[in-house]
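K.L.:
Based on the hints, put chain B with the ligands in the right spot on chain A.
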Amino acid sequence: MEDYTWRVGGPQGGGIETAATLFAQALARGGWWVSARREYHSNIMGRHSYLDVRATRRPTRAFFERVDLLAALDAETLVRHLGEVKPGGVLVHDPEAARLPLSKLAMLDSAAYRRIAVALGGGDPLVQEALERYRDEGVHLVPLALEPLAREAGEAAGADAITARKTLNTVAVAASLALLGYPLELLEGALEAHFAAKPGVAELNRRVAAEVYARVEPLKEGHLEPVGSPGKRIYINGSHASAMGKVAAGLGFMSYYPITPATDEPFYLEAHPESGVLVVQVEDELAAVNMAIGASMAGARAALTTSGPGFALMTESLGFAGLTETPLVISLYQRGGPSTGLPTRTEQGDLRFALGAGHGDYPRAVLASESVADNFHDAALAMNLAQRFQLPVIHLTDKYLASQTRTLEPFDVAAIEPDPGVQAREAAGVFPRFSLNAEGGVSPRIPVGTPGAGYWITSDEHDEIGHITEDPELRDAMMEKRAAKMDALKEWLGADAMYRAWNPGADILVLGWGSTGGVALEAMTGLDLGYIQVRFLLPFPDLEELISGKKLVVLEYNQSGQFAHLLTQETGRKPEHLIVKYNGRPMTIEEVRAAFEAVLSGTAPQYMVLRGGV
Amino acid sequence: MELKLADYKSDLAPDWCPGCGDYGILSALQMALYKLKIEPSRAVLVSGIGCSAKTVHYAATYGIHTLHGRPLPVAQGVKLANPELSVIAMAGDGDGMGIGAGHFIGAGRRNPDLLYLIFNNAVYGMTKGQASPTLELGAQPKSLARPNIQNKVNPLMLAFAAGFTFIARGYAYDVKKLAHLMELGLRHRGLAMIDVLQPCPTYNNLHTREWFAPRIYDVAAEGYDPLVPREMSDEERAERMGRFTTKAGEWGERIPTGVFWQAQLPSFEERLGEYLPGYPADAPASRPPGGEAERVSALMRGHRVAQ
Ligand SMILES: Cc1ncc(C[n+]2csc(CCOP(=O)(O)OP(=O)(O)O)c2C)c(N)n1
Ligand code: SF4
Ligand SMILES: [Mg+2]
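Chains as they are written, first to last, in the working numbering: chain A, 1 to 614; chain B, 615 to 921.
Everything labelled a hint here was simulated from the structure, so no lab data went into it.
Source: prediction; values computed, not measured.
All C-beta atoms in this analysis are idealised placements derived from N, C-alpha and C, irrespective of residue type, glycine included.
One or more of the hints may lead you astray.
Partial pick of chain A residues on the chain B-facing surface, computed with a CB cut under 8 Å [unchecked claim]:
id : residue
1  : V216
2  : L219
3  : M244
4  : L286
5  : A292
6  : A453
7  : T458
Next up, chain B with everything else stripped away, as it sits in the complex:
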């Protein structure tokens, strides 16, 4: 049966505030899955806790709404157990850059084949607008009692330092472009992160549609090439890192979006396969039951007093 875009929509109506950027992210994800003809039952969406985390309930795929900060480990567990699945992890900026930031680094070092979306609204939406780790120093959205006295973390830079092999930024109100970025991220073999600028009209009265509109631009339009060859000379590497840092660090009058970095490195699944016979084809969740007694017998042989 031919898949339709509607096949990716669940029967549940979203309960986000009117105008929330999360609507755009949900639509973009459904479009990307549809475009790539990924069977809804072969896609697993994994979120944390927050407004952003509700996204999984609105897609007619499998959805796992985990704990605050934990989408990445759960998503990796699903993926490693059954590498045939398309797994999309998503986190609020509090989820992903605050309480779950340790997993961001852990996942980056592994490079599992996942798409990871950060819903970056610079606030803790669900708990009524406190500063999130991506809010600028000195900024004071309306719920804050005083200006933010902590500095912000840059998800792109952190992703780079952690070893993500695909680093991008999108904008929730530009659904088409965001869908395209997600498509690229899903196609990428390895860990793909998209930092999605997501307006929260209810609590973030600073980063609004009017604020973003004149600032957002696409790095591709300027001829920026994110593809990193496998082999590079030291100079070439330094040059590319410099370019990446300049773009990733740009914030203010102009805010770049698009793909900033894309490198080809073996995925974690491939690396595991070098040590685990049969993996990833023969993975723990997809292999047929049986063979347990033989496995234990093989282990026990190594413990025999006399061979």
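Isolated chain A, as found in the complex:
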């Protein structure tokens, strides 16, 4: 096996996340590169949720729609993922589920119920019908009653019935790995590490895993073996990577108001005081942004995370940071909008908003991360840009990256040098904080509270020492000084930091931004296409020459083609094809490849909507 995808589905809150972590860690310990993605409802308990774990011999960038093994912890998973197991793949399911009619699946919403019922031939079909479909598609069915197995294995390992039931996740993972003939020791290692804080629980789960291995026969073919050692690899999600990137660049202060999927970052930092970050949960996003601005004015490196609804509340203060030339980083975790929208699903619907948020003209930088690793590097870069150019920086990322976990080589922390930002820790007298004598628009900066000095900061237009002014000449001078930062920033960055190009010589170029990069690149393997990942949306890179004479395809996660419009605005080029997705589900390699093939064969319409996903 070179490339294997395992999917576990079940009720939210039932521990399938733990199952995926255990499966991924067991494989990672065996030297596999693993990546996991999580799809879930905005619900605490009961609604359908699933995770994919993809294991490969080399690092990858995206996920497939169809999997090699589906471990269905409940009947709903079975019916929802119809058609998503590859021919020759495996379905592990509870044999009891077969007798249930679809209408008995309490958490199946009516829209899904109708669609699945029709797909299974109408009426109120039995789950058995779905099992037959799988079989017809060449899927190998493995009936395994996981719950009774958990009870029996747990009790055999000495646990009472309730505790035994809690080992269901371990049972699902152990059953899957036993079927695949994967060594038990590696799962045991993963269990020990996962339950390190609770040795008793670790021991119970180990015994349960051993029981399951003793009862489950390996499949005849399609085994997974360890391929090496993990070395120093880390297993990390996009939220934690973004948090670490900020710490690497000297983050000292983060205020937050809880919102999915942005809160994992401050929550993680709060749980790890060794990060040195002062984290404060506050009353609302207005407090969050303004507290961070205050901390930044005092000389701390400050950052925030939020998603659409919270960012909307922060916009007035974004202009405040812009006007007062206060370094500030906001990692904007995009999720399905508008309004509350699809709170736990992914989208790239906030690009135009990020570019234009706030009233009036002021400089800001907007960059977008392509991957989990990028979340680290871009968060650090955003922090340094904010310090160096004294402006707000919006770091765009999304739910897909936040809830994606992968093995990576450890981050090269030594390569990140925190920008000093502040020019002096002492001064005398009234300090011209907004001096017009400013190279690249950047005036020397000392923090508020610097001994011996003083100045003012105001949200009104101001003079060099920070007093209010309405003088027309001074107004122009200040507007121009601030605007000058954009050119200086662009020059400092250089083209390489602003975009990445693969096979740019091809006649057809796909352009994407943020998390579309990974799936675009995997989907075009072997196709005669080039790809450009636009990393900076503001300032925008100079792409005219690169795209001149090419046929252009834009790929993005929003309905209106926000990036395509930006491209037209910046380059005068309208892409020949726009491929979009806005149902909140991540793009899969299969559907993007099919769209690319249609482009190449000339059958693609100008505007294409991808509709895959559960």
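P.N.:
Chain B with the ligands alone, transformed into the frame defined by chain A:
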């Protein structure tokens, strides 16, 4: 060098209307800072938007003139990032009790070591005299098209409910007493609020010097003791709360000023220090740069596939 009162005055001349109560608040604050010998460069004044908000420009300290309603969060950010600084937040009554009222509650629950001044003129001065959240029901200052049909909020009661540990009221035309209150507030460890009755001769023709003068009195003169011991029996607590509520709710023929409530509770900085190694001595804005790589390495260790 010996500090002088003049060292707290900036070169900018105030542009308030003649007779505005804001002059008195500015003078009182400068006197209190001077009295406590707080280095001007170690004091940060943080205001919102309104006539009141201009105050920060007239003091030769650091001054941050923020957005409408946001002085408290900005002030807390400054203070938490660098707890060595003396931070004074100030807000108009619209600023603090209207658009920024959520922060009032948030700050009260935290108890950061700040002084917070409310410039209570019962109107929105800067936008030409509309009713502010502290204007009584039925009152009609001259700019209002009809009598106020919304009830007023009592800043003292709200502060109490939110958990402020120092609750006082002053009067802008009694500068000396106000300066003394500010001194007490600055000395207090925790969140100190002073509701300052501030005449606005331009738009509030009801709450004038002549109206206030016969009504204002000092609770201390009546032997009122605001100090709340750390430990109290239930009866004692009930008795003190009753006393506080009676005084704080008094408004009309007699208007009490002075300190109404002062309790000693750990400040937010102290509570943070229990979880954050080295804080508040080693705070994000005062610690020397460096150590970032070690911090990330420590975090990454927790993510290693194999230890
Ligand atoms: C978000 C926002 N809304 C409205 C305003 C307009 N505005 C400026 S000052 C002010 C009211 C000020 O009243 P108050 O806070 O009582 O201060 P005063 O002028 O009375 O000292 C308002 C509503 C603004 N600046 N920002
Ligand atoms: S309008 Fe009122 S509050 Fe504003 S400056 Fe004039 S008197 Fe003072
Ligand atoms: Mg007012």
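K.L.:
Are the hints correct? Go through all of them and say.
P.N.:
Hint check results:
no. : hint : in the structure
1   : V216 : 25 Å, violated
2   : L219 : 26 Å, violated
3   : M244 : 5 Å, holds
4   : L286 : 7 Å, holds
5   : A292 : 6 Å, holds
6   : A453 : 6 Å, holds
7   : T458 : 4 Å, holds
When held up to the earlier numbered hints, the structure conflicts with 1, 2 and fits the remainder.
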